[in-house]
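Make the full structure from the sequences, and use the hints.
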Amino acid sequence: MSVLYPLGLLGLLGLLIPLAIHLLQQGYHKTVLVGSVRWLTASQKPRWRRLRLTQPWLLALRLLLILVATLILAEFIIERANVGGPHGTLILLHPDVTREQLDTLDVPDGEQRWLAPGFPSTALDTPGVEPHGLWELVVEADRKFDPQREIYVVTTDAANNFSFAKPKVGRDIRWQSLTGSTSRKGVPEQKVPAFIDIVVDEDNSEIVQPITRAIRAWQSVGVQTAIRFRDVESSNLSQWVIWMSKTEPPKDYEGVLVTTEAEHSVSNPRWRYRPLRKAILVQPTELSEMLLMSFVGYDQYAPEPGYPVDPNSIRLEQTSSTSDVTKSNQSLSPWLVMIFGLLFLAERTTSLFFARPES
Amino acid sequence: MITDFVDAKTLATLQDLRFIAQQIAAGGAYGLHSSRQKGAGLEFSQYRAYEPGDDPRNVDWRLYARSDRFYVRESDRESQQTVWFLLDLTESMNQDSHQINHWTKLRYSQCLTAALCYLSFQQGDRFGIIGIHENGLKLIPDGAGHRHLDRTLLALDGYSSSGSWPENLTLDVLWENLNPHSVCVVVSDFFQYRNEILSTLKRISGAGSEILALQLVTQDEIDFSYTGKLAFLDRETQTVVQVDTADARESYLREFSAYQKQLQGDVLDLGGRLETCVIEKPLDKTVRQILTRPLPSRRGRLRGAR
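Chains A and B, in that order, give the protein sequences. Sequential numbering of the first sequence, starting at 1, is according to the numbering used here. Sequential numbering of the second sequence, starting at 1, is according to the numbering used here.
These are computed hints drawn from the structure, not numbers from a lab. Even glycine gets a Cβ: it sits at the ideal position worked out from N, Cα and C. Honestly, I wouldn't trust all of these hints.
Stated by the list, open to error - Covered stretches of chain B (in silico footprint by chain A; criterion: 3 or more residues with CB under 8 Å from a CB of chain A, positions within the stretch not fixed):
| id | segment |
| --- | --- |
| 1 | 229-243 |
| 2 | 255-263 |
What the hints assert, rightly or not - Residues of chain B clear of chain A, computed beta-carbon distances all greater than 10 Å:
| id | residue |
| --- | --- |
| 3 | 49 |
| 4 | 57 |
| 5 | 62 |
| 6 | 93 |
| 7 | 146 |
| 8 | 177 |
| 9 | 189 |
| 10 | 191 |
| 11 | 221 |
| 12 | 288 |
Unchecked claim - The calculated label-pair distances, taken between Cβ atoms and stated as ranges, are:
| id | chain 1 | residue 1 | chain 2 | residue 2 | range |
| --- | --- | --- | --- | --- | --- |
| 13 | B | 172 | A | 352 | 51 to 61 Å |
| 14 | A | 19 | B | 4 | 49 to 59 Å |
| 15 | A | 42 | B | 208 | 30 to 40 Å |
| 16 | B | 154 | A | 20 | 52 to 62 Å |
Below you can see the structure in the form of structure tokens.
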């Protein structure tokens with residue numbers, strides 16, 4: 001368990017407030033006019049005896065209120081995994097980035113790992129396994145590493161041509177891009193899928209243009225494609241299928257499914273336990289870029305003229321979305337808010353119970 | 001008007017009560033309505049028809065000669081009893097009730113005094129009021145009759161209380177008028193620090209006057225029904241005492257009870273009687289409590305004196 005905002009723990013100083021109030025209240029007495037106090041002087045006690053805490057239950061509730069409020073502010077979370085050290089900056093290097101290029105960047109010192117499956121240390125050689133999509137790796141890094149760690153992602157400028165919907169992560173990930181990098185050091189050669197099936201509906205004319213654009217892009221890197229209608233038999237499906245049909249994909253399919261239908265994505269509970277290797281939800285217009293980035297390699301894809309290129313826009317922003325990734329952090333805030341509400345009610349009730357009646 | 005102090009319904013319930021001095025009740029002086037006596041020096045009141053059993057000496061024979069009927073001559077004699085009311089007008093009498101809004105000891109003492117004045121007036125007794133406050137006395141001379149009652153009530157209504165009991169109280173006007181047939185009704189809370197009220201009572205008792213001490217208290221003062229931590233401010237001395245009422249209750253009740261017992265004995269020593277009146281209690285019940293309580297026996301008084 002850790003906190004996202006350690007400075008929020010300064011709120012614990014607020015615990016002193018109710019404590020001080022309860023102690024100082026000893027000196028505060030409501031004044032009552034009486035005819036004579038001669039029978040009360042004997043019952044006056046030394047001040048040190050009067051300096052004791054009154055209404056301890058009320059004090060305890062108020063202390064708990066502030067404690068819970070502080071925990072909410074500091075945002076306590078339970079991590080799912082803690083790969084590497086729990087502290088310090090983590091620099092994820094794209095396999096294309098050389099150490100010389102890294103020195104030219106304004107990146108703080110920290111632990112350096114490859115932005116590749118398993119996030120191997122850069123002390124080792126370049127990753128020998130096939131890298132997944134960039135966004136998936138970033139999301140996986142966010143999920144695996146300590147939320148307190150600051151993550152820098154260093155990629156080549158080709159990755160800046162990355163415009164589709166950014167995944168939502170639980171932290172602020174800084175992006176550093178390198179210009180003029182053409183190196184593909186460490187990227188396996190056999191990463192390009194040989195054949196991609198595209199399954200479409202016959203009556204869906206809206207996807208014609210993005211499909212045509214995607215096919216043109218894939219053919220430029222040597223990927224063969226085949227467009228099939230939805231009544232195609234499942235046995236003919238390749239390892240990579242772009243499912244653009246509104247009908248349900250075959251249930252026994254075990255390859256990588258790229259779908260444009262939210263109904264068929266992994267966020268749909270009905271699909272959660274399918275034997276898929278991977279299910280990716282994309283927008284039809286982002287089909288070509290996404291697949292190239294994920295499976296082919298960023299530098300092999302030459303964006304069309306006029307395509308939005310804005311390096312500053314490639315900054316993963318922290319969101320409060322309820323995506324699967326954010327949930328994986330298991331933030332305690334909702335529970336704490338509920339506890340805070342209950343404590344507040346209890347405090348009000350106790351306060352009324354202990355309220356000093358008019359005398 | 002008496003109804004400014006006591007409502008008509010309450011007055012009606014008090015009609016059967018009589019204000020009798022202890023000496024009279026003990027047979028040491030005239031009894032109630034002894035003024036309905038006839039004889040020399042008595043002021044004519046009325047004629048009434050002769051009834052069997054009337055003393056023939058009371059028949060007005062001259063009138064019989066003129067009217068050929070028997071009439072009995074009746075005369076009223078002025079009562080020898082004078083009731084002096086000593087009202088405590090110190091700041092502590094401003095103590096108000098926490099159960100009844102705007103109901104202070106002072107107001108209660110005014111109403112109580114007015115009711116007793118009215119009873120005295122009905123009996124034909126003379127009555128006067130002395131208000132004792134920080135700067136001295138406020139006197140309403142003794143007198144009798146309707147006009148005196150109205151005058152008394154009017155002055156009584158203007159009383160206010162402030163300050164503390166005067167150090168050197170001169171009651172010359174009282175000493176001049178006190179006699180063994182006087183009753184001195186002291187209306188106070190008897191919250192004193194140097195027995196200043198009690199020493200005044202001693203002087204009154206020394207003058208041969210009978211003392212009826214009416215101590216006004218609030219219900220809170222009796223059962224100490226305060227809660228929480230409070231700062232009690234003494235109205236007269238401005239002393240502040242901060243206590244936790246829960247802790248102080250037992251001690252307060254013990255001390256207050258001891259003081260009450262001591263005060264009761266002191267007043268009894270002076271041959272008087274102390275009545276503790278709770279100001280939240282209805283006025284007629286308090287008056288009835290005052291006027292119907294049996295007098296302490298001689299033995300009890302002597303025991304109290306010891």
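Comparing the hints with the structure gives:
no., hint, result
1, 229-243, "holds (count 14)"
2, 255-263, "holds (count 3)"
3, 49, "holds (57 Å)"
4, 57, "holds (58 Å)"
5, 62, "holds (63 Å)"
6, 93, "violated (8 Å)"
7, 146, "holds (36 Å)"
8, 177, "holds (30 Å)"
9, 189, "violated (5 Å)"
10, 191, "violated (4 Å)"
11, 221, "violated (7 Å)"
12, 288, "holds (25 Å)"
13, 172/B with 352/A: 51 to 61 Å, "holds (60 Å)"
14, 19/A with 4/B: 49 to 59 Å, "holds (56 Å)"
15, 42/A with 208/B: 30 to 40 Å, "holds (38 Å)"
16, 154/B with 20/A: 52 to 62 Å, "holds (58 Å)"
This entry does not satisfy hints 6, 9, 10 and 11, going by the numbered hints stated previously.
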